[in-house]
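Asks: Please model the complete structure; the sequences and the hints are all you need to start from.
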Amino acid sequence: MKKCFILFVLLMWSGVAVAGDYPVTLKDGRGKDVTLSQKPEKVAALWVAAADLLVALGRPVAGITTYEGERPVYLGKGLDNAKDLGDITAPNLEMIATTDLDLTIGMTRYNAVYADEIEKSGPLLTYDAEDIDASLKAVAKLGRALGAAEQADKMNADFLALRKDYAAKAPKKAKSVLFIWSYQDTLYGYQDNIMTAQLVGTVGTVNPLGRNEDAESPDAAFVSLEAEQLLALDPDVILMFVSHGGAVKFSPVYERLKAYKNNKIYSVGYQYSQPSGPIARELVVREAAHLIYPDIFEKPFMPDAARAKPIQFAQ
Amino acid sequence: MNTVSETGYGRISVLIPFIAAIGALGSALNLATGAYDTSLLQAISFLIQDDGSNAAFSVRELRLPRVLCAFGVGAALALSGALIQVITRNPLGDPGLTGVTGGAALGVAVCMTAITVSPSVMIVFGIAGGLMAAFMTMLIAGNTRNRPIKLILAGVAVSVFCIAATSTLMILSKSSLQTLYFWMIGGFTNRGWPEFSLFWPWALVGALVSLAVCPILSYLKFDDASAASMGLNAGRWRVIAGLASVVLAAASVAVAGPIGFIGFVTPHLSSLLLGRQQSKMGLWLVVSALVGGGVVAWSDALVRLVFEGRVPAGILITIVGGCLFLLMARRLGQVAR
Amino acid sequence: MLGLVRWFLLILLLVLSCLLSLRFGSVGTDWQDVWRLFSGTGGAVTDIIREYRLPRTAAAIVIGVYLSLSGLIFQTVLRNPLADPTLFGVSGGASLAVVIAMGVAITFNPSETGLKAASSYLSLEWIPLIALFGGLSATGLIFLMSWSRGFSAIRLILMGVILASVLQALVMAMVVGLSEARTELAILWLAGSLYARDFSHIIPALPWGAAGLLLVFLMLPQLSALRLDALTARSVGVSVGMVSPVLLVIAACFAASAVSIAGPVGFVGLIVPHISRLIGSYQMKDQILTNMVVGATLVIVGDTVGRTVLPPLEIPVGIVTSLMGAPVFALLIYIGMRRNSYA
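Protein chains in written order, with my numbering: chain P, 1 to 315; chain G, 316 to 652; chain F, 653 to 995.
What the hints contain is simulated information worked out from the structure, not anything from laboratory work. Glycine residues also receive a C-beta, built at the ideal position from the N, C-alpha and C atoms.
Covered stretches of chain P (in silico footprint by chain F; criterion: 3 or more residues with CB under 8 Å from a CB of chain F, positions within the stretch not fixed): (1) 75 to 87; (2) 96 to 109; (3) 112 to 123.
Restricting the straight-line Cα-Cα distance to at most 30 Å, the calculated cross-link-like pairs of lysine-lysine (BS3-like) are: (4) P:LYS120 x G:LYS489; (5) P:LYS309 x G:LYS489; (6) P:LYS83 x P:LYS309; (7) P:LYS299 x P:LYS249; (8) P:LYS261 x P:LYS309; (9) P:LYS42 x G:LYS489; (10) G:LYS489 x P:LYS83.
Replies: Structure follows, in structure tokens:
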């Protein structure tokens, strides 16, 4: 009830924001009211989802941060002119300042602590979106900030329609699908609170790890997996994001897994690790659906570098 | 005189099986915990007979190597610490404090970022790094007789440098420092037969060498003059025992990451347990290894049972070992002065 | 006359390193932009120097002064040239306290909404106090552990080094174990970084340092006397037992204040007093002043190097000083061994 009320207030208030173009005032993830006096043209993205939205809107991305030196390749040519602003946890402040920005969009999780420093070179908005609801809200708000409220709302509506459509087309007999984030010996299985697992589950698949009801926030809803747990869960399909790239450590356990026998273990692209942007979330839904039910769902159109590949194991 | 040694032997004949049993219990407990529900007896019966089920596969192929790694790494680190304490005549010897683990970590990091992630190459780099660091520490500290603190200080200098160099390397190779921290804590998650098969030859060689030199070690414990009077070249044996200790520590680090303070704590624990019999070098080394293996096996089992594997075993060991270290250091520090 | 020349050179070096740290960074600026900062005719580029580089330079000066003074006091009071706040567990205690506080702040403010996420981080004003508490607790613990019918300087160092290594391990364990999903920021802080440091970070740590500096100058005669052995010190009327603990607490305050600004920056306290002994005169007052200048210069240079070598990435100043300091430390131990004078 209380949640409904908050949602109602939010909708009302965002409606007001749409009505009067600029100046526009938004409450961001820090709980801070940020006022933009005119439509921002030069925008830097310290958050992948923001770069994603800019590319989706056909707008230039002035600068972008990297994760372990990697850019989000799934955005393809949209980032060709974006300046490298350094590591995602500690973006280079001097370079942000020299980019002469109208707006910087960051992550609350990393950038809120030194928000004051970034704000010296212009307005800053920070959001986090670790589940689908948060992604919808963040995209809507950022759309307002960028003066593209209608387009952003349409993206959200299209995305919801896409999910509905895919869910309807999915076969009745559900497969079990597990998403894993891996670094060498460490395998984290995502539970249903996290956006990636929610997106993968669009086509009615079962996440063998279920939902974590005790998690204080979505980003705590993961399980550190031992090889044996993998065997006990034995999912039909495994989607794995390999954070250091390259080959994955082999374990004899894989040979016993259904997914391995059926060649259904995939190494997936960067968009699965940071799926909150409008392009990423759509790609993840489309590609995961195709990987899980190739007969029903078509191969999506996307840059080849970002496409899922059959996993390779190190010998 | 006779009665004393008799009671001593009586104590040992109870003590060793007792320690071994505790270690075995921890390992068995570890062997019986996992995603598949198996009782202790079932787990052991799976070891004897493979019925082809997933549970049997888990016990034989996943849990057994992990348990062996845990016990082996604990025993190897304990032996390594004991050897360092003897050859440097320094009660504060520990592979971490003498820079060996830092050096091994640097070696592994160099290999990981610049060459390959293949475990067999990584272990060689780990050992090379450990050897280099040990050599540096010895060079800096020189003769540390009666001056245990100098060895510790030299070790600190080497390990701080190695950690800083490792951090720089990680930044230059654009890996996050978080990864480094994760690795620096150490644990046994998803370690299997490949790791163990790389680990055991090095560990076995180290253990055999240390047992083979242990009659000589008991002379080295006192002073070089008495060793020389027995016709021994003290320096040469010290180098051999030192090499064994570095190989033991570095192989452990390459498998499990640097696990703190086990090498310091367990030799002293076994001295306490042995009481008067601690002067018997071989016995002391064996008991140290058993205690070390048991402690790590238990920690890994507890981490799994209590924290459901969300916390690496290295954290528990480091916290408990660090506190014990502080308690003991106070006593030993006064002796050392 | 010689003294004047030396001072002139020292100050010149400090000013030069300040100017270099203002001139070089991850984006290209030239001397004219630096000049405009002082002449007040700034443009956009000068704003970068003023907003980002100037505070960092100021922070580096403060940290350098604090850490080198802390090291000097430790070395003088303990009569041991190897004493250093980082090796002595003070920085470790301060770090552990701050990391625990970060963990507690996150645990008690789960980030269910964005608003809470922002407030779940520690507020800046508290960090110096928490660091101070941690640093002083560690110092107290070292004293407690080394007490055995009096304090021996060597036992103090031994316990300090051991406590430092235990604390270091505990900090790592806390970082990985306590807040598994939100470790990146703690790690950045623990590497000893001046990233995104502003005057608002420096100011809370200034009163502690000013009070400490005042006390140090008030206790100058006692500090000079402590360089002699305890018996001689006593004969000139300095009660070693009374003065030493007070001075060590001051030194711990300096170190903890430095940690509260940048996290643990290693080895500055160790090497700077040696450099200033090499170039300074025997007078304690001279040594303290030389120490402050050299310490500031060293940290400025370390930070400048760290942020210019690999833009847009940065190597934290703590890692740079450790890389420079560890070999010097090793050399000191080696020389000490040859002379058989220390430790």
